[in-house]
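A.B. asks: Every letter in the sequence shown is one number past the one before it in the working numbering, and letter 40, counting from 1, is 752.
I should point out that these hints are in silico values taken from the structure, not numbers from a laboratory.
Each hint should be verified, as a subset may be incorrect.
Think about it this way: if two alpha-carbon atoms lie no more than 30 Å apart in a straight line, the pair counts; the simulated DSS-like pairs of lysine-lysine are [what the hints assert, rightly or not]:
1) 857 x 1040
2) 949 x 857
3) 788 x 809
Predicted model only: the values in this text are computed from it and were never measured.
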Amino acid sequence: MLSLADLRRAVKNALAFASSQSDVAEVEVFASAGANLTVRLNYTSHIPSNGVEEPKSTEGYGLGIRATFRTPDGIKTGFGSEPTDLSLEGAARALDKARSGAVSDAEFVSLPKLDSSQRANAKPDAAEKTAPSNYDPALMRIGGKGLVDAGWRMMDRALGAFQSSEDLMGLAGSAEKMADLGLILGGDVVMLQDRMAIASTHLPRVQTEQNTLVMSFATAMIESQSSKGSGWSVGSKLADFTGEAAAEAARNAIESMDGQRIPTGSYNVVLGPQAVAEILEWVLMPGLSLDSFYAGASPFMGKLGQSVASEDFNLYDDGAAPGLPSSKAITDEGLPTGRTELIRQG
713 MLSLADLRRA VKNALAFASS QSDVAEVEVF ASAGANLTVR LNYTSHIPSN GVEEPKSTEG
773 YGLGIRATFR TPDGIKTGFG SEPTDLSLEG AARALDKARS GAVSDAEFVS LPKLDSSQRA
833 NAKPDAAEKT APSNYDPALM RIGGKGLVDA GWRMMDRALG AFQSSEDLMG LAGSAEKMAD
893 LGLILGGDVV MLQDRMAIAS THLPRVQTEQ NTLVMSFATA MIESQSSKGS GWSVGSKLAD
953 FTGEAAAEAA RNAIESMDGQ RIPTGSYNVV LGPQAVAEIL EWVLMPGLSL DSFYAGASPF
1013 MGKLGQSVAS EDFNLYDDGA APGLPSSKAI TDEGLPTGRT ELIRQG
């Protein structure tokens, strides 16, 4: 993957080039590189299988330019991008795309800039330094062997959970016959690597950041018992990855054996982490997005300042929270990542 130095150099050169064009009033240049490393789990105790499949990877990089142009019809704003080319020729093509797609916006004021409080807190040399909010060198350097090892770590944890289960041993009668129960494990280990650099007319010092993320998802089944369980994990450091998600999936599959359906009705329940994550992703968060409000589709329309939940419930977007996966010190506009209160005390 491209280095931060390559991205920083590309942004600096592209900003200088775009700023020198006579019709450009303001410009913002963003360059990034990213990689996705994935290994898939595929184990069946009663059918020959590989356990861990061949790892896959994809990489990409590119440059984007957002600019305002002086035209006979007034100021117009446009965006253009160029994949896999960080040269001045690539920057010129991206700028041409921004120019050809530029439109007028009566509400436009300027490209992003620091407000007075942000300028007061800014350190003169901070933008020259990398802000590794969640950057793990081990994850950034990992190769195919490390990725496969992570997959086998998941597999070992799941098989350990199956083999240590007294319930499964009781059903099978012996360790040798446990495979006849139809033990199944599927899932993925996904590692993300991300680097970016940004600068603009109002924020001319090139800012850079890099992040890493490791995620795992597993589903375990006991085919003879028609039972299933799942597990997942998210982290930003390779040292914290234990493969526990696969063991959790296996334990949940074991615990769901002989499950019973309860009649339809209203019940007091305690939601686990996965249920809470599903509600947040598919119900709450879409309703709190600006797109939903613009479309008039949010369930919170007209409820600003009103109670929508228990007074014990708080929900906020804190993109720079230290230690959390994918936390970032700066946004894709070069501004400090802040905290947004979405639901406070209900």
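A.B. asks: All hints, please: hold or fail.
C.D. replies: Do the hints match the structure? See the list:
no.	hint	verdict
1	857 x 1040	holds, 28 Å
2	949 x 857	holds, 17 Å
3	788 x 809	holds, 13 Å
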